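Position chains B and C against the provided structure of chain A, taking the given hints into account.
Protein chains in written order, with our numbering: chain A, 1 to 290; chain B, 1001 to 1281; chain C, 2001 to 2263.
These aren't lab readings, by the way, just hints derived from the structure by calculation.
Certain hints may be false.
PhoX-like, lysine-lysine: derived pairs with alpha carbons at most 20 Å apart [what the hints assert, rightly or not]:
no.	chain 1	residue 1	chain 2	residue 2
1	C	Lys2149	C	Lys2123
2	B	Lys1180	C	Lys2123
3	A	Lys21	B	Lys1095
4	C	Lys2135	C	Lys2149
5	B	Lys1035	A	Lys21
6	C	Lys2123	C	Lys2148
7	B	Lys1180	A	Lys21
8	C	Lys2135	C	Lys2148
9	C	Lys2149	B	Lys1180
10	C	Lys2135	C	Lys2200
11	C	Lys2123	C	Lys2099
12	C	Lys2123	C	Lys2135
13	C	Lys2148	B	Lys1180
Here are some chain A residues the structure puts well away from chain B; computed CB gaps all over 10 Å [to be verified]:
no.	residue
14	Ala7
15	Glu53
16	Ala58
17	Arg103
18	Ala118
19	Ala176
20	Ala182
21	Phe226
22	Ala230
23	Asp231
24	Ser232
Label-pair distances were calculated between CB atoms; the ranges are [stated by the list, open to error]:
no.	chain 1	residue 1	chain 2	residue 2	range
25	B	Glu1030	A	Met29	50 to 58 Å
26	A	Ser250	B	Val1037	30 to 38 Å
27	A	Ser22	B	Pro1160	41 to 49 Å
28	C	Leu2073	A	Leu272	51 to 59 Å
29	A	Gly40	B	Gln1221	40 to 48 Å
These figures come from a predicted structure and were not determined experimentally.
Ideal Cβ positions, reconstructed from N, Cα and C, are used throughout, including at glycine.
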Amino acid sequence: MRTSRSAARIRSARIAETVAKSILGTATMIALGIAVFLIGYLAYRGMGYVSWEFLTQAPRKAMTEGGIYPVIVGTVWLTAWTAFFALPFGIMAGIYLAEYSPRNRANRIIRIAIANMAGVPSIVYGLFGVALFVLQMGLGRSIIAGSLTLACMTLPVIITVTEEALRQIPRDLRQASLALGATKLRTIRKVVLPAAAPGIVTGSILALSRAAGETAPILFTAVAFFAPIADSPFDETMALPYHMYIMATSATKPAPQMVWGTAFVLVAGVSLINVVVASWRARQRRKIRW
Amino acid sequence: MIAASGWLAIVILAAIAIFLFFNATRSFEEVGLWKMVSGEFWYPTSDPAQYGFLPSEAGSLWVTIVGLVVCVPLGVMSAIYISEFASRRFKDIAKSLIEFMAAIPSVVFGLIGLALLVPWTQKLFNLDTGLTAFSAGVMIGILTLPTIVSIAEDAMHAVPQDLRMGSLALGNTRWQTAYKVIVPAASSGIFAAVMLGLGRAIGETMVVLMLAGNSGLIPSQPFVSARTLPGTIAGELGEVIQGGQHYSVLFAMGLVLFVVTFLVNLAADSVLERQRRRWRR
Amino acid sequence: MVERTQTDGAFELVDVSVSYGNEMAVGGVTMSIPEHAVTALIGPSGCGKSTLLRCLNRMNDELGDVTVDGTILLDGQDIYARTMDPVELRIRVGQVFQKPNPFPMSIYDNVAYGPRTHGLRGKAELDAVVEESLKRAALWNEVKDALKKHAFELSGGQQQRLCIARALATEPEVLLMDEPASALDPISTQQIEDTIAELKESVTIVIVTHNMQQAARISDRTAFMLRESMDRPATLIEIGETRMMFTNPGDKRTEAYITGRFG
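Extracted from the complex, chain A is given alone in its bound form (with noise of 0.2 Å):
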């Protein structure tokens, strides 16, 4: 033991150290490069496009000029009924897992079920989606078949954050209120649920925002290559993502600003929600503490 505590057995632990840590730091920086990279390659395709005109107008001459003020509104509207559908039964389910539900077998199903849904292929959901609210329920194409379709996809992801954001509420805090004499359901309701708010808001939110950037689950159940602002949800519709792939993949030649622009239209909205809801959610947590 003596002789291989030498200083050259110390002096080859650190080289090797050394070289592992470059190795593993090198991997990192190409990692966050690409991050880098994609986020600058954006800005600086489809930045210079964006105008005020550019988000408030109707396309123009077959879409190479104007803006695309009906496709925004197109996925703000698929979003908000995806948000209609997903939210009451995700929250509900999530209650029922953190609150509810007993540890036994039946409640490991369901967790595998919700571990599943959220691996399936999102085009998997778009062909679900043509069988069941495009034709069997005869919806159409539209922006609730759509939506339907978007609010399966995104239901197991609402149904964990709420489940993880009620586990994180002091049990303490529930007995208390029992202790009180008030019953369970109310003490879900005036206490736990208003404590865990942030964190199901939150979560939500970032939900919804990766089902508006979604172009798979919405090809065959709700867009349309050009279509005006719906004037109910059971017209088709244009949205951002489609709006660019198609864009970017049929048209002989596609118009910079509608390609670039739309995507940096897509990807800053998507960001800028998820700036605006973390910090918020950062001076939540400061406020309450457990």
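Then chains B and C, alone, in the frame of chain A:
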């Protein structure tokens, strides 16, 4: 009502399977499941039509392999660095960048791939077209990177600090601690990260639709145009007669995709669950 | 078994202060820790005992944003000198933690972990080190037939003795123990204390404890630390022979703490 919502996930998952199955029944009867899954030719519009999935399956395989080759080493190494070596400040910056990357819609990755990766691939490897399984695979690897980094990092973060300190106190360097204690202890979580990344790579649609080239031949290597399972569905569902044979075949393809990703995710989930139990002592 | 050379392991602390960020947690500690004896650090919780302990093997370095001022000499060598590698120091100064923290591997691999790291490869030699270490930690008789068993299958007390064996396997001169029995039942505590009594023949032991009876039972020297107000850092009140400290303390505050008037 609340309890019923709890079961909703199972209901939807079952509904997906059922609807895929029933819409695919016509193809089972007229073409046959095995003939589709093992068929070598995809000529859905010729007469008689041939509906072999092998070109799509082989394409998906190549895209996934290339994707994993890109994202697994890069992702796992980054996760080890961020978890075990980075300063707190660097960790915060790295994590928010990774989160930002995860929030970029996949169609945008496709677009950037079209603008940069496709011409680069064509020039670099002197190909006829840059729309190849390789370009799609690389972009999918990049797209999957945030998933792998954040889940693998979480797994290593979940290893109790006690173990880290225990190893350091025995005179180990941080690197020795990382590869002898932390990585083995987090191995199941790291494995789950790779499996979830794999699931995403197989199921990702827009990137392959835009970058893989969607050719009809069975690719023997990644530097040729190829079609994939999700790409074929997304590319052709819009052009088929609803309820027709081709339509039904695409649902059968969806069912295959659903089953494969389901198995991959199930494996990842059971491994993650075991990991969770392990530290609950 | 490899011949164990006579080790030293005496610490000399001169005006040692520890700060977390801008806040000084421990201030101006000067004391000596003699070799081959048990020195106990006692005091109410939050008095910086564990912080001071972690200075002795530079584990504070790993916590980030901790600065240590003053001089700490191990056998006359400055352990915070630029030429001192913390890895080398920690081979000489082992640590046992408050909660048992065996690695998720077999009993054998846990004990062999340190020696393997430091280059011991031969199976016969490793076997010998593992057996010797487990014997010194008084665990050998209970596990000798089950060395391949996973460490998590042991009881809490056995796990802690395994951690002691793991620390001993690198043949440290000093063993730091941070409330090693606080998470254990009385019988396991007794076993750990017996182990400590035997170990001091061969290693210097510094033990942090909040249990005064324990300090009185096992230690040769006792140091009493106290943080008198939250505005000021914790300081060393006095250090001396354990027997003297518990029968005739030199300081009023020590007497008050020992007789249970506060803490």
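A cut-off of 10 Å on Cβ-Cβ distance, and phenylalanine 226(A) was said to be off the interface with chain B. Does that hold? Answer for phenylalanine 226(A): holds, closest chain B Cβ roughly 15 Å.
Pairwise hint evaluation, lysine 1180(B) against lysine 2148(C), where the allowed Cα distance is 20 Å at most: Within the cut-off at roughly 18 Å; holds.
Glycine 40(A) paired with glutamine 1221(B), Cβ distance criterion 40 to 48 Å: violated (33 Å)
Outside-interface status for alanine 230(A) - nearest CB in chain B farther than 10 Å: holds (20 Å)
Alanine 182(A) clear of chain B by more than 10 Å, beta carbon to beta carbon? holds (17 Å)
Is the Cα-Cα distance between lysine 2123(C) and lysine 2135(C) 20 Å or less? Holds, at about 18 Å.
Verify the proposed pairing of lysine 2149(C) with lysine 1180(B), using a straight-line Cα cut of 20 Å. holds (18 Å)
Verify that the Cβ of alanine 176(A) lies farther than 10 Å from every Cβ atom of chain B, and report whether the claim holds or is violated. Fine: 22 Å to the nearest Cβ keeps alanine 176(A) off the interface.
Proposed proximity, lysine 2148(C) with lysine 2135(C) (alpha carbon, max 20 Å): holds (17 Å)
Please work out if lysine 1180(B) and lysine 2123(C) have their alpha carbons no farther apart than 20 Å. Holds. Lysine 1180(B) to lysine 2123(C) sits at ~19 Å (cutoff 20 Å).
Is the nearest Cβ of chain B still more than 10 Å from the Cβ of alanine 118(A)? Violated, since 8 Å does not exceed 10 Å.
Take the C-alpha atoms of lysine 2123(C) and lysine 2099(C), compute the straight-line distance between them, and say whether it is at most 20 Å. Roughly 30 Å separates the two Cα atoms, so the pair is violated.
Violated hints for the displayed structure, listed by number in ascending order: 5, 11, 18, 27 and 29.
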